[in-house]
Amino acid sequence: MKYYLLSVMQPQGERPAPEVLEEIMHNVELFHAELREAGAWVFAGGLHGPDTATVLRARDGDVLVTDGPYTESKEFLGGICLLKAPDLDAALKWGRKAALATTLPIEVRPFMHETEG
Amino acid sequence: MAVGAAGIEAVFRAEYGRAVAVLIRFLGDIDLAEEAVQDAFTTAVAKWPETGIPPSPAGWIITTARNRAVDRLRRESTRAARHAEAARLNAPDEPVEEGPVRDDRLRLIFTCCHPALAPQAQVALTLRLLGGLTTAQIARAFLVPETTMAQRIVRAKAKIRDAGIPYRIPRDADLPDRVKGVLAVVYLVFNEGYGGREDLCAEALRLGRLLVELMPDEPEALGLLALMLLIEARRPARVTADGDLVLLADQDRTRWDRDLIAEGQALVRRCLRRNRPGPYQIQAAINAVHSDAPTAAATDWGQIRRLYDQLMELAPSPVVALNRAVAVAEVEGPETALALVEKLDLDGYHAFHAVRADLLRRLGRHAEALRAYDAAIALTGSAPERAHLERARAALTAN
Chain A
-9 MKYYLLSVMQ PQGERPAPEV LEEIMHNVEL FHAELREAGA WVFAGGLHGP DTATVLRARD
51 GDVLVTDGPY TESKEFLGGI CLLKAPDLDA ALKWGRKAAL ATTLPIEVRP FMHETEG
Chain B
344 MAVGAAGIEA VFRAEYGRAV AVLIRFLGDI DLAEEAVQDA FTTAVAKWPE TGIPPSPAGW
404 IITTARNRAV DRLRRESTRA ARHAEAARLN APDEPVEEGP VRDDRLRLIF TCCHPALAPQ
464 AQVALTLRLL GGLTTAQIAR AFLVPETTMA QRIVRAKAKI RDAGIPYRIP RDADLPDRVK
524 GVLAVVYLVF NEGYGGREDL CAEALRLGRL LVELMPDEPE ALGLLALMLL IEARRPARVT
584 ADGDLVLLAD QDRTRWDRDL IAEGQALVRR CLRRNRPGPY QIQAAINAVH SDAPTAAATD
644 WGQIRRLYDQ LMELAPSPVV ALNRAVAVAE VEGPETALAL VEKLDLDGYH AFHAVRADLL
704 RRLGRHAEAL RAYDAAIALT GSAPERAHLE RARAALTAN
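Here the protein sequences come in this chain order: A and B.
Everything in the first sequence is counted per the numbering used here, starting at -9 for the first residue and increasing by one.
Everything in the second sequence is counted per the numbering used here, starting at 344 for the first residue and increasing by one.
Simulated from the structure, these hints should not be mistaken for lab results.
Check before you lean on any hint, since a few could be wrong.
Restricting the straight-line Cα-Cα distance to at most 20 angstroms, the calculated cross-link-like pairs of lysine to any residue (SDA-like) are [to be verified]:
id	chain 1	residue 1	chain 2	residue 2
1	B	K502	A	E97
2	B	K502	A	H103
3	B	K523	A	R86
On a predicted model such as this, the values are computed, not experimentally measured, just so you know.
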């Protein structure tokens, strides 16, 4: 089994209407439940916006602290889902469900190391 | 038996894909498999001129490659580590696939044509691993620098390994979509060749035959092969000795390749008996109607239009609608056809303007026809096609 990271790519700008958001949250919860039931679940969660980010940079043995996201861009990481899957086809199946639930683009990436079992 | 380099080359071209496919399953790594098979062919070049070609060349190559690979892995501990690292392609917990065919080449095709790879990478990998083409040959065929093509192939192989693209035939539920992807890759190779590079057409036909052999129950694989054969049959008549393009209506039909037509038409009949129509089968049937007609005037356009109607139902697209309009022009006249064409949103497509130009010309609307020819000429990327359009435009101003 391998670990895969699903990244939810969220566009900057207006948030959807409350009732739309409510439906999305409901669908995401169903998706998480499905992951757990299948034994694929490792961790998942939404992130606060890029305004809440803090960046740390090593400089000459010291660390520089700055406010704000690492890069300003049109999309930011809105949430992540870490899962276990036997291969990319299985991971893409979960990714497809995540895209439908969140209505947002999902990036699927493999981790470098296998799971332990 | 005397064995020359040509004999070994022929075996290489015929058996490379099969050998690599088996070795990938055995070794779980594409690079190691390719190296092992190339080692085996190097050995064959040294041995076969003395011993003759063995009774089962593929079996010999596979056994030799396997032994070489095992030797090499034992010798090189770093390689052994790499092997262990890469063993995930072999996926020991991989479920037994439910597909009907076990040929390793089929697994390899589905891996090469995985939708998570860029289309260009799918094409390159398929030609390289199944077709046995070198990176240099593929680069030349697609007019890109060899280093660019090499990078493309290295990246694709790395993604297969690192992202865990499986080496297996997709499950039944995913199969129709994945088969579509595989057929599209082969047709893409064929269309690249249609633009002038004949070797790619030959390669696409080889791959098409392989798909039919590996997926005998897939009517669209039959349809694609039939379509490519029927189009390829017209190659001798499509271009003049000077390289000028000749339209279907103006082609010398005695120059069509009758053997390819007979083979293509037989496949179309096989498809019809199965009665599970799909876009490739219908396009093949349309081409079969053309190849039935001894002269352009004898073409059964009614039948062609009915086939386009069917294609519009199964796989509607503006391009199909444009081609259907060409058939409508022959059955109901250019005015009806032009009304259909004007509704299409294909402003950036040269064939749209070329069809419009021809219909306007036939309706005597010459000024508009000239403007449409200009648009078509400006948009086409093919030199023979542009020359043809310029001749048609010139003929109009001469009148």
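Distance restraint between B/K523 and A/R86, which requires alpha-carbon spacing of 20 angstroms or less:
Distance of about 19 angstroms is within 20 angstroms: holds.
Within a Cα-Cα threshold of 20 angstroms, do B/K502 and A/H103 meet the stated pairing?
holds (14 angstroms)
Take a quick look at whether B/K502 and A/E97 sit within 20 angstroms of each other, Cα to Cα.
Roughly 14 angstroms separates the two Cα atoms, so the pair holds.
Hint compliance for this structure: every hint is met.
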